[in-house]
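With chain A fixed as given, assemble chain B onto it according to the hints.
As given, the protein sequences belong to chains A and B, one line each in that order. Okay, so the first sequence: first residue is 0 according to numbering that gives the first Met the number 0, each after it adds one. Okay, so the second sequence: first residue is 0 according to numbering that gives the first Met the number 0, each after it adds one.
Calculated from the structure, these hints are not laboratory results. A virtual CB, placed ideally from N, CA and C, is assigned to each residue, including glycine. Don't take every hint at face value.
[What the hints assert, rightly or not] Cross-link-like lysine-lysine pairs, in silico, DSS-like; alpha carbons within 30 Å at most:
1) B/Lys123 / A/Lys71
2) B/Lys1 / A/Lys138
3) A/Lys168 / B/Lys16
4) B/Lys120 / A/Lys70
5) A/Lys133 / B/Lys16
6) A/Lys130 / B/Lys16
7) B/Lys109 / A/Lys138
8) A/Lys130 / A/Lys2
9) A/Lys138 / B/Lys136
10) A/Lys168 / B/Lys120
11) A/Lys130 / B/Lys136
12) A/Lys44 / B/Lys155
13) A/Lys133 / B/Lys109
14) B/Lys120 / A/Lys71
15) B/Lys109 / B/Lys16
[What the hints assert, rightly or not] Partial selection, computed: residues in chain A whose CB lies under 10 Å from chain B:
16) Gln99
17) Lys220
18) Ile222
[Claimed, not checked] Which chain B residues stay away from chain A? Per the calculated CB distances, all over 10 Å, these:
19) Asn40
20) Glu61
21) Ser87
22) Gln164
23) Ile195
24) Phe206
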Amino acid sequence: MEKVMTSFQKAVSDIQDGTTLIVGGFGLCGIPEFSIQALREQGTKNLTVVSNNCGVDDWGLGLLLANRQIKKMISSYVGENKIFEQQYLSGELEVELTPQGTLAERMRAGGAGIPGFYTATGIGTSVADGKEMKEFDGKTYLLERGIIGDFALVKAWKADTLGNLVYRKTSRNFNPLAAMAGKITIAEVEEIVEAGELDPDVIHTPGIFVQRILVGTNYQKRIERRTVGQA
Amino acid sequence: MKDTRLTIVKRAVQEIKDGMNVNLGIGMPTLVANEIPEHINVLLQSENGLLGMGPYPINGEEDPDLINAGKETITTVPGSSFFDSAESFAMIRGGHIDLAILGGMEVSQKGDLANWMIPGKMIKGMGGAMDLVNGAKRIVIVMEHINKHGESKIKKECTLPLTGQSVVHRLITDLAVFDFTPDGMVLIEIMDSVTIEEVKEKTEAAFHVSAELLKLE
Numbered sequence: 000m001e002k003v004m005t006s007f008q009k010a011v012s013d014i015q016d017g018t019t020l021i022v023g024g025f026g027l028c029g030i031p032e033f034s035i036q037a038l039r040e041q042g043t044k045n046l047t048v049v050s051n052n053c054g055v056d057d058w059g060l061g062l063l064l065a066n067r068q069i070k071k072m073i074s075s076y077v078g079e080n081k082i083f084e085q086q087y088l089s090g091e092l093e094v095e096l097t098p099q100g101t102l103a104e105r106m107r108a109g110g111a112g113i114p115g116f117y118t119a120t121g122i123g124t125s126v127a128d129g130k131e132m133k134e135f136d137g138k139t140y141l142l143e144r145g146i147i148g149d150f151a152l153v154k155a156w157k158a159d160t161l162g163n164l165v166y167r168k169t170s171r172n173f174n175p176l177a178a179m180a181g182k183i184t185i186a187e188v189e190e191i192v193e194a195g196e197l198d199p200d201v202i203h204t205p206g207i208f209v210q211r212i213l214v215g216t217n218y219q220k221r222i223e224r225r226t227v228g229q230a
Numbered sequence: 000m001k002d003t004r005l006t007i008v009k010r011a012v013q014e015i016k017d018g019m020n021v022n023l024g025i026g027m028p029t030l031v032a033n034e035i036p037e038h039i040n041v042l043l044q045s046e047n048g049l050l051g052m053g054p055y056p057i058n059g060e061e062d063p064d065l066i067n068a069g070k071e072t073i074t075t076v077p078g079s080s081f082f083d084s085a086e087s088f089a090m091i092r093g094g095h096i097d098l099a100i101l102g103g104m105e106v107s108q109k110g111d112l113a114n115w116m117i118p119g120k121m122i123k124g125m126g127g128a129m130d131l132v133n134g135a136k137r138i139v140i141v142m143e144h145i146n147k148h149g150e151s152k153i154k155k156e157c158t159l160p161l162t163g164q165s166v167v168h169r170l171i172t173d174l175a176v177f178d179f180t181p182d183g184m185v186l187i188e189i190m191d192s193v194t195i196e197e198v199k200e201k202t203e204a205a206f207h208v209s210a211e212l213l214k215l216e
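So that you can see chain A by itself, here it is in the shape it has in the complex (with noise of 0.2 Å):
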């Protein structure tokens, strides 16, 4: 099937009100920019987000939350957004914080068909609260469960026309398991090239797992802190 579409309205118009969406991103970093706005323009309610974090109040899943776009944020860190706060205090905005290690396999174990795992991380702590424990080797543990998403957006820098992704530096971050964790996974990326013309040995997600492929051009990568030395 053919993988590559040039509309990011097309791509994004069957993901329904009440869809659980797996979005890519650290920050600002390696962020699906053009499958957002897509989405902000389409209007699409109720979403539950899982991402590390919520953008910015106008950029990135800022976007969607300043849309009134999202029921729930499934998050580890969402400290650098005023309209998060102001939505989640007046309890329009469902949050559920899971440390960031815990997220990230969460994605991983839901798009390999793990169910759950269990980790030391969160004990002892009101993340713990509600969960099954159990000891290994003398030491206590808590069952977390892995996420599937009905659809995955995610950033890479290259794809070939099968959908083999590569990612540039530390804009990789949660965007391999974003991609795996989706039922549907739309990646955005830089550039496309044929299949072949990647080296097999540099890919990053094998198209296995994406569905969907699309050029944006002029990404903003907007940066959070810009922060310079001494030459």
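Structure of chain B alone, referenced to chain A:
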């Protein structure tokens, strides 16, 4: 940098040994990186997906695809590697990181750590802190001994929500250094011009004084 913070940072850098893989938390721990002597070779891990973090880039060479866990633009050192978030936390949770130096709001005498939320204030989230305290081989906490209301941050029991239970190996403050052992919390060092009496006065938690330190007094 405030004098108290500089005292803490200069002591904390001595925890870093040649050949280690180290994760430095956001805030005061980040400042430790600037103090690592040149002859000490370490790889700094940034949990968003980099082992071998370098200094900030020079002006004009910032790369939006290359940031650290604090979302700051950074560089890489020779021998660095990139990876996804699951692999990054496999390094952390699998016990492959030798040392994590993290900030703290409160530490208890049992080595419990609270550093991620204050009830009544807006939640931000724990990020990778809970993974780090349960995964890295060694956890060193750096924080000021006393809060801005003049209260000890080293408690019998933490009053803030925990990040981890009995996870701290060593605590470095502007007054002293403590270790957490099966026999309880032990004062192992005091900073220049600080007395054991002063540390006792300013510490809510119960602790022993190490035999070596008593000899020096």
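| Hints not upheld, ascending by number | Per hint list: 2, 5, 6, 8, 10, 12, 20, 21 and 22 violated.
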